[in-house]
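Novice: In the numbering used here, each residue's number is its place in the sequence shown (first place is 1) plus 1.
None of these hints come from the bench; they were simulated from the model.
Since the model is a prediction, treat every value here as computed from it, not as a measurement.
Take the hints with a grain of salt, since some may be wrong.
Once the Cα atoms are required to be at most 27 Å apart in a straight line, the calculated BS3-like pairs of lysine-lysine come out as [to be verified]:
| hint | residue 1 | residue 2 |
| --- | --- | --- |
| 1 | Lys81 | Lys125 |
| 2 | Lys79 | Lys96 |
| 3 | Lys96 | Lys81 |
| 4 | Lys80 | Lys96 |
| 5 | Lys79 | Lys115 |
| 6 | Lys115 | Lys96 |
| 7 | Lys115 | Lys81 |
| 8 | Lys155 | Lys96 |
| 9 | Lys115 | Lys125 |
| 10 | Lys115 | Lys80 |
| 11 | Lys125 | Lys79 |
| 12 | Lys115 | Lys155 |
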Amino acid sequence: VDDAIDKAGAHVLDFIPEPKAAAMGAGLPVDDPVGSMVLDIGGGTSEVAVISLGDIVAYESVRVAGNKFDEAIIHYIKKKYDLLIGQQTAEEIKKQIGSACPTDDTANAALEIKGRSLVDGLAKNITVTAEEIREALSDSLQVIVDAVHTTLEKTPPELCADIIDHGITITGGGALLHGIAPLLHQETGMPVRVADEPLDCVVKGAGIYLEKESHHKPKEKEA
């Protein structure tokens, strides 16, 4: 993300918090007198924020996100099958059959994977199911759900009413995990949507911010 923004000629994330950039990129009305809630699930951290009148009024961050999902899958398969797999394989499992709760795409899905047996050191193939991967991810997902609950508890009541009406928007790579929106809806009772192009929201929002700032700067007088 920072590389992409550097190309635009500014370390914009030094001036705008990442969840606010994500919310702007997702099209949320961050400058309006209403509460907008965003959950940005990145690679290393998940950030939850409620934004109103341009300011973050409630915030929570946890070091559980896409990378932790991969680690959880590696650990689960190692423990259950005595099989060692790499991060790339774990990511492929997550993309293909990973889910936060059963969905039409993943309810009964399975995937054959290859790894190295910890028993004899030889290459070995096994088949893992979507149900197993849901089990592997459940603890990590619960940490994120808890962060959402904590943020809601910190949110002023009148803004909570807005969020009940307008819901929670998910951005970042973790938004692509099957079933993440239904899980959060189930856990919060609120409407939940995945942003369009969730991977690009932070960069898009940073661009919107830069454009706004450039309009606010006084123009230099011509000599």
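Novice: Next step is simple, just say for each hint if it's right about the structure.
Specialist: Hints versus structure:
For the hint pairing Lys81 with Lys125, the CA-to-CA distance comes to about 14 Å; that is within 27 Å, so the pair holds. Note on Lys79 and Lys96: the hinted pairing holds, with a Cα-Cα distance of about 19 Å set against a maximum of 27 Å. Using a Cα cut-off of 27 Å, the hinted pair Lys96 and Lys81 holds, with the two alpha carbons roughly 20 Å apart. A C-alpha spacing of about 21 Å is found between Lys80 and Lys96, which places the hinted pair at or below 27 Å, so the restraint holds.
For a cut-off of 27 Å, the pair hint linking Lys79 to Lys115 stands: about 12 Å separates their Cα positions. With a CA separation close to 16 Å, the supplied pair Lys115 and Lys96 stays within the 27 Å bound. The suggested pairing of Lys115 with Lys81 holds, with an alpha-carbon distance near 15 Å, which does not exceed 27 Å. The hinted pair formed by Lys155 and Lys96 fails the criterion: a straight-line CA distance of about 33 Å is larger than 27 Å.
For the hint pairing Lys115 with Lys125, the CA-to-CA distance comes to about 6 Å; that is within 27 Å, so the pair holds. Pair hint Lys115 plus Lys80 holds up; C-alpha atoms about 15 Å apart against a cutoff of 27 Å. A threshold of 27 Å between alpha carbons decides the hint, and for Lys125 with Lys79 the separation of about 12 Å falls inside it, so the pair holds. Only pairs whose Cα atoms come within 27 Å are accepted, and Lys115 paired with Lys155 is rejected, the gap being roughly 45 Å.
Figure legend: structure checked against the earlier numbered hints; hints not met, in rising order: 8 and 12.
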